[in-house]
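Engineer: For the record, the sequence lines run as chains A and B. For the first sequence, this note's numbering assigns the number 1 to the initial residue and increments by one for each residue that follows. For the second sequence, this note's numbering assigns the number 337 to the initial residue and increments by one for each residue that follows.
Source of the hints: derived by calculation from the structure; they are not laboratory data. Hints are supplied without guarantee of correctness; some may be wrong.
Claimed, not checked - Lysine-lysine pairs mimicking DSS-like chemistry, simulated, CA-CA at most 27 Å apart: (1) 158(A) to 456(B); (2) 456(B) to 73(A); (3) 73(A) to 551(B); (4) 293(A) to 282(A); (5) 551(B) to 133(A); (6) 29(A) to 15(A).
As a plain string of letters, each chain reads:
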Amino acid sequence: MIRFENISIVFPDKKRSFKAVDDVSFEIKKGEIFGIVGSSGAGKSTLLRTINLLQRPTSGNVYVDEQNITDLKGEDLRKLRLNIGMVFQQFNLIRSKTVYENIAFALKIAGKTAEEIKTLVPEALKVVGLTEKANAYPANLSGGQKQRVGIARAIANKPQILLCDEPTSALDPETTESVLKLLKEINEKFGITTVIITHEMNVIKKICNRVAVMSGGEVLELDEIFNVFASPGHEFTKGLINHTINLELPERFTEKDNYEILKIVYKGDKAEEAVISQTIRKFNVDMNILHGKIEYISGKPLGILLVRLDGNVNDVTRAKEYIRNNTYKMNVINGN
Amino acid sequence: METNYSVLLNDLIKAFNETFLMCGISLVAALVLGIPLGIFIFLTGKGMLWENKITNFIGCFIVNIVRSTPFIILLVVLLPFTQLVAGTAIGPVAASVPLAIVSVAFYARLVESSLHEVDKGVIEAATAFGASHLRIIKDVLLPESRAGLLRGFIITAISLVGYSAMAGIVGGGGIGDLAIRFGYYRYQTDVMFITVALIILLVQGMQSFGDYLVKKSDKK
Ligand SMILES: Nc1ncnc2c1ncn2[C@@H]1O[C@H](COP(=O)(O)OP(=O)(O)OP(=O)(O)O)[C@@H](O)[C@H]1O
Ligand SMILES: [Mg+2]
Numbered sequence: 001m002i003r004f005e006n007i008s009i010v011f012p013d014k015k016r017s018f019k020a021v022d023d024v025s026f027e028i029k030k031g032e033i034f035g036i037v038g039s040s041g042a043g044k045s046t047l048l049r050t051i052n053l054l055q056r057p058t059s060g061n062v063y064v065d066e067q068n069i070t071d072l073k074g075e076d077l078r079k080l081r082l083n084i085g086m087v088f089q090q091f092n093l094i095r096s097k098t099v100y101e102n103i104a105f106a107l108k109i110a111g112k113t114a115e116e117i118k119t120l121v122p123e124a125l126k127v128v129g130l131t132e133k134a135n136a137y138p139a140n141l142s143g144g145q146k147q148r149v150g151i152a153r154a155i156a157n158k159p160q161i162l163l164c165d166e167p168t169s170a171l172d173p174e175t176t177e178s179v180l181k182l183l184k185e186i187n188e189k190f191g192i193t194t195v196i197i198t199h200e201m202n203v204i205k206k207i208c209n210r211v212a213v214m215s216g217g218e219v220l221e222l223d224e225i226f227n228v229f230a231s232p233g234h235e236f237t238k239g240l241i242n243h244t245i246n247l248e249l250p251e252r253f254t255e256k257d258n259y260e261i262l263k264i265v266y267k268g269d270k271a272e273e274a275v276i277s278q279t280i281r282k283f284n285v286d287m288n289i290l291h292g293k294i295e296y297i298s299g300k301p302l303g304i305l306l307v308r309l310d311g312n313v314n315d316v317t318r319a320k321e322y323i324r325n326n327t328y329k330m331n332v333i334n335g336n
Numbered sequence: 337m338e339t340n341y342s343v344l345l346n347d348l349i350k351a352f353n354e355t356f357l358m359c360g361i362s363l364v365a366a367l368v369l370g371i372p373l374g375i376f377i378f379l380t381g382k383g384m385l386w387e388n389k390i391t392n393f394i395g396c397f398i399v400n401i402v403r404s405t406p407f408i409i410l411l412v413v414l415l416p417f418t419q420l421v422a423g424t425a426i427g428p429v430a431a432s433v434p435l436a437i438v439s440v441a442f443y444a445r446l447v448e449s450s451l452h453e454v455d456k457g458v459i460e461a462a463t464a465f466g467a468s469h470l471r472i473i474k475d476v477l478l479p480e481s482r483a484g485l486l487r488g489f490i491i492t493a494i495s496l497v498g499y500s501a502m503a504g505i506v507g508g509g510g511i512g513d514l515a516i517r518f519g520y521y522r523y524q525t526d527v528m529f530i531t532v533a534l535i536i537l538l539v540q541g542m543q544s545f546g547d548y549l550v551k552k553s554d555k556k
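For reference, chain A alone in the conformation it holds in the complex (with noise of 0.2 Å):
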């Protein structure tokens, strides 16, 4: 659906040229909701502005559709605009324009007759829950009333593509979850290719198929957003799961050194599960649970438990074996 191949921008800078993103390509598909993850100044907002040229690549080509969309100009330019939604951080919404207008304008661009308008503007309205703010302006709605205008907005012209640029990051956490359930219902309703740009794994977890990891301008990793989860590829990754998946202990763990913890990743279906007391009957070993936790990505369980192994060495080592080989991951985080 949508394709970056071999994507550079740089932007000239006085004393030397700064390469924002550098030499990007992967492609996204019809349907999915994609997230792009990164620090600040990763590139992911100049990526996502390809798409529809708000931002001319320096090298590279965008495809839409299968078709090269890089050079666009003019008419073409703008119809192809006219069939990607775009939401923004900080709502961009007109100010001197009711939520009606506001909605109204979007349809006017895309030549929608006045007939049309009258009953696209409301039905945009209901997907976003705010028909009875239609005469509001947006100086007298809350931040999260006034992204879903935004939504409503780019989702009124019925485009196949919505680009999302940190739509909740100027939104506190419970408007957060309300709107990414929004999206996500948009989603699965209009069938509309979702991409998301976020710095929050949190976000990502939520609503994203799959992700892109990006930083210093290049993407580091993409994948299905649970083996992300499940098995980190970067250290910056990893930094960035670790917000979200938190397993810290006191200080009295991690200071004896001469103990083993072991991090034990499952996918947490019966079989894994049962491993633990497998363990713990045939090898004569005892087994302290430190530390756990279960995520659902995707609808699917990702369990993480720490675990301190006690009994006569031999045991232990065939124990750890026992449990490396049948449980998705396990490894080492502390001991000597």
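Fit chain B with the ligands to the known structure of chain A by using the hints.
Structural biologist: For chain B with the ligands alone, coordinates are given in the frame of chain A:
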């Protein structure tokens, strides 16, 4: 010198009419030419839709020349041009030519600075939705800067009352001219006071009316 108040009344009415004529013509020019010029300078600025260094520079340069030349000098320099446009170099209509030029430049600058107040994100959103430049001007830039445009217009109008006083040099007349003639040349202090009081009233009235309009239009 004795003041003949019934004659003075006639003089005052005539002077007010001339002031209104000069200011009216100039303000129409400010609206018709100043707004497009302001928009043009704004849009050719850095990072804007029609970004173009050279045209932007030319636009700014012309506006700055007009604004920084003392009006009295502009008045004289423009005499041949005034003659050409108005068919005469004296009288309120003729005085309106340099006044109009000043008010266009003055207002264009104020228009430009109000447009800078418009949230760039809103312009970007409109662009992202595929809006044409004309539509962005009409549906985003102008409505979003409405309060600023109105305020600038009032400032322009008030400044014009002051500029028009100098139009007496080319026989433009008007209340400013009246105050100078009676008060300064003939030492009729009472006439000068009355006229000045009326000018203050006029300016204050314009300001209040403007504030009222701004308040009414500002829905933010
Ligand atoms: N128009 C521009 N001119 C010059 N440099 C730019 C421009 N736009 C972005 N940059 C630079 O490119 C880099 C990437 O910017 P970008 O906005 O894409 O980051 P981001 O990942 O979206 O970060 P954030 O989370 O802060 O939004 C930044 O260092 C930024 O300063
Ligand atoms: Mg950004």
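Engineer: Output the numbers, in ascending order, of every earlier hint that fails for this structure.
Structural biologist: 3 and 6
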